[in-house]
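Q: Below, each chain spelled out in residue letters.
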Amino acid sequence: MLWVDKYRPKTLDHVMVHTDIAHNLKKLVTEQDCPHLLFYGPSGSGKKTLIMAVLRQMFGPGAEKVKVENRTWKVDAGSRSLDIELTTLSSANHIEISPSDAGFQDRYVVQEVIKEMAKNRPIDTKGKKGFKVLVLNDVDKLSREAQHSLRRTMEKYSVYCRLILCCNSSSRVTEAIRSRCLNVRINAPSEEKILEVLELIGKKEELQLPPGFAARIAEKSNRNLRRAILAFETCRVQQYPFTNKQAIPPMDWEEHISEIASDIMKEQSPKRLFQVRGKLYDLLINCIPPEIILKRLLHELLRKLDAELKHEVCHWAAYYEHRMRLGQKAIFHIEAFVAKFMSIYKSFLIATFG
Amino acid sequence: MAKRNCVVILSSEDEDAASNVPSLSSSRSYTKTNSKSKSRSTSTSSRGRKKARASHSRSHLSKLHEIDLFGDDFNEVFTGSKVSAGTQRSFAEELWVDKYKPNSLEELAVHKKKVEDVKTWFEERLKPLKGVYNNNVLLISGQAGVGKSASIHVIASHLGAIVYGWNTPTPVIWQEHLYNSGTGTQYTSKLDEFESFVERVRKYGLLLTSCTGESKPPIILLIDDLPMTNGKSAFGRLKNCLQFLVKSTQIPTAILLTDYGNADSVDYNARCLEELKLSLESSGACKVAFNPITANSMKKILFRICQVEQCDVTAEYVDLIAKTSGGDIRHAITSLQFFCLKPNLVNSLASSTCSHGSLNEESNKPVRSDYGYSLHFGRDEALSLFHALGKFLHNKRETGVGTEYVLDFLDDEAIDDAWTLSSYLGDADILLAKLRGSYNEAEGVLQSAAASIAVRGVLFGNSNPLSSRWHAVRRPKLWQVEKASLYKNEVDRLRIPACKRFSSYHMSIMATEYMPMLKLLGNRACGGYDGPSQKSSRNLEMEDFDFDKMDLDEQSRGISDDDIEDW
Chain A
1 MLWVDKYRPK TLDHVMVHTD IAHNLKKLVT EQDCPHLLFY GPSGSGKKTL
51 IMAVLRQMFG PGAEKVKVEN RTWKVDAGSR SLDIELTTLS SANHIEISPS
101 DAGFQDRYVV QEVIKEMAKN RPIDTKGKKG FKVLVLNDVD KLSREAQHSL
151 RRTMEKYSVY CRLILCCNSS SRVTEAIRSR CLNVRINAPS EEKILEVLEL
201 IGKKEELQLP PGFAARIAEK SNRNLRRAIL AFETCRVQQY PFTNKQAIPP
251 MDWEEHISEI ASDIMKEQSP KRLFQVRGKL YDLLINCIPP EIILKRLLHE
301 LLRKLDAELK HEVCHWAAYY EHRMRLGQKA IFHIEAFVAK FMSIYKSFLI
351 ATFG
Chain B
1 MAKRNCVVIL SSEDEDAASN VPSLSSSRSY TKTNSKSKSR STSTSSRGRK
51 KARASHSRSH LSKLHEIDLF GDDFNEVFTG SKVSAGTQRS FAEELWVDKY
101 KPNSLEELAV HKKKVEDVKT WFEERLKPLK GVYNNNVLLI SGQAGVGKSA
151 SIHVIASHLG AIVYGWNTPT PVIWQEHLYN SGTGTQYTSK LDEFESFVER
201 VRKYGLLLTS CTGESKPPII LLIDDLPMTN GKSAFGRLKN CLQFLVKSTQ
251 IPTAILLTDY GNADSVDYNA RCLEELKLSL ESSGACKVAF NPITANSMKK
301 ILFRICQVEQ CDVTAEYVDL IAKTSGGDIR HAITSLQFFC LKPNLVNSLA
351 SSTCSHGSLN EESNKPVRSD YGYSLHFGRD EALSLFHALG KFLHNKRETG
401 VGTEYVLDFL DDEAIDDAWT LSSYLGDADI LLAKLRGSYN EAEGVLQSAA
451 ASIAVRGVLF GNSNPLSSRW HAVRRPKLWQ VEKASLYKNE VDRLRIPACK
501 RFSSYHMSIM ATEYMPMLKL LGNRACGGYD GPSQKSSRNL EMEDFDFDKM
551 DLDEQSRGIS DDDIEDW
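Protein sequences appear in the order of chains A and B. Letter by letter, the first sequence follows residues 1 to 354 in the UniProt record's numbering. Letter by letter, the second sequence follows residues 1 to 567 in the UniProt record's numbering.
Just so you know, these hints were derived from the structure itself, not from any lab. Think of the CB as a built atom: it goes at the ideal place given N, C-alpha and C, for glycine as much as any other residue. Among these hints, one or two may not hold up.
Taking lysine-lysine and the BS3-like style, the derived pairs with C-alpha atoms no more than 27 angstroms apart in a straight line are [as the list claims (entries may be wrong)]:
1) A/Lys-141 / A/Lys-156
2) A/Lys-141 / B/Lys-203
3) B/Lys-239 / A/Lys-279
4) A/Lys-245 / A/Lys-304
5) A/Lys-74 / B/Lys-477
6) A/Lys-279 / B/Lys-477
7) B/Lys-203 / A/Lys-295
8) B/Lys-239 / A/Lys-204
9) B/Lys-483 / A/Lys-295
10) B/Lys-519 / A/Lys-203
11) B/Lys-203 / B/Lys-239
So the derived list for chain B, only partly shown, Cβ under 7 angstroms to chain A, looks like this [stated by the list, open to error]:
12) Gln-310
13) Val-313
14) Ala-418
15) Trp-419
16) Asp-429
17) Ala-451
18) Ser-485
Here chain B stands alone, though its shape is the one from the complex (with noise of 0.2 angstroms):
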């Protein structure tokens, strides 16, 4: 397995010169840019292991120093490896993700289920005799890391397939672009190349088969890496040109589009994917969506990498490497390579026993401490908005504010607690209540504190929590309520004469004794009573176009409109 990997990298490497230009190139364009993605997660590893570091600053120096040294292999070790990557690569140097490349159906850690549709997808249209299919696209989503263009490679090995692919190119950086424009190369956006290079599938994808296989192996497509789209208009030609490739296409074509895990995020980019998604989905492409690797399938496959490599790594640790890891396999694997180079490199240095203690020590801290993350190499996982909503209004508290539904949290008998919580969303409302417009670093320190506070009482008031079941969560009514206060105080002020005329009173004298009053003398007639809650209902339902102009939270207001179901 292992001489099968190498061969592959050895031939990525050569292809890195040429993968300037787009061209449609085999299979191996995967590895390169799989190996791409791994130097990004090692470097985010290293990151997480700074962070460590620093938490652990306060246990003593010698500990202190010794990670130093891991560090500093680490780094040895990897930058080695890229140095001699081209050349020759040592068993042990190569990175494990490469390594235990899943060769067959049965080694994906992604859903069984997943990879047969996907399979019978491609059965189906790889059949010699098919029948004219209109969808010829299939959309697979999914965050980083859950096996996504693995599984097409070994479906398409599975099934003698060639995966040919959209190789992305790299980008042209200014410097670059002025010394090509010296020398007369016209400068093109990548977005021109994709747009190009679809376009010749479209027309020529068949052609392009028959001269290059002689015995003609059925075809993939694989489109792994969008270019990037800035702005409006470049995003609908990719949008435009998607559309038509999932129209026109005679190749099965797979396009993979990874999610950057919260759908709710304010980024421009993930809502165009989102967009995207859509648009395609509605030209007929077919969607499958992986979910992250489960923990459990995710700890199997490290479990045998360990078996393989004969290192004895802890069942806790390979626990919690799978736990952190957010169901990124390639992020768990890297991750396990490292914990797993640290062992030996500990033999190496022929360090002291004592090292050898404060080394077991250290590793059974984290198993030990309350916040299961923080190991050196958790992956650095924002929650999305929902899901810390869900994390503290379901009060779990082994680890961010929606004040209005807390209620809807609570155990019914549990009037004490939603004391509890009121008042801290109170001193929260306290505490911001002395922001005044302008903006500065102490009033960023009280809002986090408020915020803070928020969150901790309501954390800690929720003594006896309900346990998880479908939630309505609705937007908060507050912003509405101010707002069709303040139209209403306008109206009033313009419909009285008395105010006119007279004085300016107050609003308060207003509302509590001039309104009521004139609605019953505005009438004549003692029948048209109009309750104030019908009447603020229907305030509310004519003011919704105007709240919605309003500065709420932009993530709130994207969200509000639906009720989500409990996660």
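Pulled out of the complex, with its shape left as it was, chain A reads as follows (with noise of 0.2 angstroms):
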């Protein structure tokens, strides 16, 4: 098991980053009523982890006996009928899917599910009729229907089930699902936070941190929980005992990135573009999210700019995230994002060195 899991703490009491929130989950949990429950903030703070302690908080232990399905939900639409497959992670007393996997049907996945569940509830030991609780994941990549979609069905079945919701940025959440739940913002954890939770890893692993070295690789995670102990333990893989001067392994797309912004300050014209798509491919067939590539190109381009450049990028950057985000093909996107930077790189060069 890798060390992300094993020390995942698993009830509420253990979380060491996010104490307050924690505490406050337990108080409120406790107390019977439930509301929705909406989690976001960047990936790699541990939102995970607080949902699901907080299910294991509400059900006990049995919320951690989860089995894995490729279920297949019929759905009636209108005038035909689907057939949607999804993988659903669920126990006893809740279910977690990501319904943005469905793509454009996702609406038609989110009423279905609700549907379900709200038909037959569990009953629970004083025979009071209890709730089920759904998990959605990546709700801001839901489409804009299906939020719609979901509002609806919360209201309908609200008595029967609860929602908690995570996503990465709540501000593609629509404000009529912000309204309905409580909102939790989970922080990245700050570099001390993650430093913390190293070393004890490192004290159960029983291992020898030479000093500062826990220290960089926190300082490496750009503040993301999960991959510092990622990277810790790909370190302790690659090297033990630690040395001072370890390298700590760089994730493979970031350096494909910082090596096509470097391609981009060395020549701009067209022929140089048609290669930086052919990377820019590359990283796509590896799955990843160009929102991603074109945030991390930014900012290798970034360090290398000159500041009279960095806002005009900046604002260009901005607009192409918008318009890929409205279109389909990313590719496009990136691709006019990199030739306006060209284009402005070039003018800013002949203006200065002629």
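Both chains come to you apart, so use the hints to assemble them.
A: Shown next, in the form of structure tokens:
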């Protein structure tokens, strides 16, 4: 088992990073009536961990006995019936799905799952009808229609089930849903917190940590705890005992992007643009999300850029990121950004160096 | 010249009655088929007129009226000629295509070398003491109206040979079939008839020659119109039967195949034709391809006709006709005749001078306009996919979406243009993003709007286009990439136990955080570091088989694998 999973806190009491939030959540859950919850925050900050812990708090250890299923829902969509296949994780008391995996049929999924849950409610020990919890991942990736239908089903079936929503950015969740949930923002953990966690893991694994080594990992992780732990484990596998100068393995895709960035800085021509496209394709094939590519690329470019240009380049990056979300084929927009950057940079070079 | 033609036509009309029976018919049948196609071409030109009429509808009413008059008279002339065809034909009413049919090798508009090739081929085979040739079949391919059959006829008469031809039986319509079956006549498919015809030629071809001519002029067999085949088995039969013919015929035979211009079309028939061509060639037929007639030789012929007819058509107009005909001389001549018809009619209608003025104005218009194709008689030409691509990639602004290789066509310095282009392509993408599977009318509009934006954007953005040179045209990689990433996602999901046991991570987290680390962890040694570029390229190759099954646009699939020379 990976350390990330091994050292994941199981209960709200064991949570190390967001202790105050965990404390509040515990109070909330023990008071029986729990509202819908919306967890949002950057990746690697502990949303999932908190959700799992909340579920355990609600239903006891039974919540951890999950089974993975590939389920097919038959959905009657007006004129035709659809078969939608989704992976679900479920225990007796909760179901977890990522409806955005269903593409543009996501709205049917949400409705259908909630309806079905409402149909067979569990009866708790006191003979009272209890409720089930539906965990929805990546709510921000849901289409607008799906979010609307989610809102309606939320209202209609709120007696029978509680929703726990999880997403990276609450800005892409409609106002209507946000106002119906208790919003819980999960910050990216500070470097000190990450350091703390790493040291704890080091202690439990009985490792010798040279001073400053864990700090370096924490710094490199970009305040992403999952990444820090993964990197930590990788270092352990690559070389132990640790030395102070040991290289922390970089992410290959990030390397690739910085390569692209230096390509762009070196030459600005359609030919180079074409080569860059090939490299972008490589990234896309490896399932790196285009938004992350664009973000990282901007990051790399900004590092090498003259301060004068930074504002304009950021503006265009934002512009094309927006258009990328509106559009379907991300490559067009990333490429347009690269072309725009080349054009800006080239005229800058000509203006300064003649 | 005209007299001779008159006679021919009369006799062809006589034959019309008997043409239901498949037979070896004399050279006159040629004119018959010709007149058929003529009526076809006139109908297209009148369609063209309609279009022109629509486009001119904004101009004032009197002109419109006048054009309508033309239309009526035009029809009258042609229908009139049809009625009187069997009886008598006045000089003016005759179709110029027949009237100015080439009579000598010099008059042919076909390229001299091609004619020479064909002629020597026939000469060799018609020599009295000829050697035994394995291949007695000549395959002539080319667009409609490039003078394939005309060349054969002219060459035959030059060599003093008689042309025998397969005379396509008229199709049996359903009512007729019902009637026939009542009388006990069996229905035989056209393909059957053709097969039996070929069989006869193979077996008794020589015998037949001996009974027809006493002086034994040499014989050329002409197969002009292959029977229509529908479906694989029928096509296979046709192929086999033609292959037999190629292998065993003793008479020099010319098979004419009409290309429909676009080899990349998905049209089943066009592809069949291509296959047929290949199979015939492989079984030993000699192949000659006729190119579309060049504008220059077309002009020469049109001027000659103008001289003979004594109609004063401006050089510009002849130019225009020659250009718009797309290398189809039959069409060009018909257009010319139609065009020359007008002034006569105007005069005979004794219309006022103002109509003359408006006529002039109108006739100037098409020349002045940016689109050189607004003539009433422009051949309705569909651009082949590659032609269209070339038109806009090379930024020929006088005048359809392959977005991937636009960059090749940009100047090396023109990074600004590249940005404009990719922005427009992005716009098109955003428009298309609204499409959700099911098709309705609004989405059709959206689609064409997106296509239009992409094309126009590319045309507009490419402000200093490169001169034409050789470019490789590749298929878009986008589909492959999408497919590969989906596939990889699936595989990864299965591979990673964490994903199964705990919560279902989104694929982005998998890809960006788990995978790179797992690669390192899984190897246990830092040696085998596998960069994404190598991996992906290998991935692509591995998956290549699968990609072909996806619903890539069929056209682009068909052509994509080869690099295609610039056009």
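Q: None of the hints should be skipped; say for each whether it holds.
A: Results for each hint:
no., hint, result
1, A/Lys-141 / A/Lys-156, "holds (23 angstroms)"
2, A/Lys-141 / B/Lys-203, "violated (75 angstroms)"
3, B/Lys-239 / A/Lys-279, "violated (48 angstroms)"
4, A/Lys-245 / A/Lys-304, "holds (26 angstroms)"
5, A/Lys-74 / B/Lys-477, "violated (34 angstroms)"
6, A/Lys-279 / B/Lys-477, "holds (12 angstroms)"
7, B/Lys-203 / A/Lys-295, "violated (78 angstroms)"
8, B/Lys-239 / A/Lys-204, "violated (79 angstroms)"
9, B/Lys-483 / A/Lys-295, "holds (24 angstroms)"
10, B/Lys-519 / A/Lys-203, "holds (25 angstroms)"
11, B/Lys-203 / B/Lys-239, "holds (18 angstroms)"
12, Gln-310, "violated (56 angstroms)"
13, Val-313, "violated (46 angstroms)"
14, Ala-418, "holds (5 angstroms)"
15, Trp-419, "holds (4 angstroms)"
16, Asp-429, "holds (4 angstroms)"
17, Ala-451, "violated (14 angstroms)"
18, Ser-485, "holds (5 angstroms)"
Checked against the numbered hints above, the structure breaks hints 2, 3, 5, 7, 8, 12, 13, 17 and satisfies the rest.
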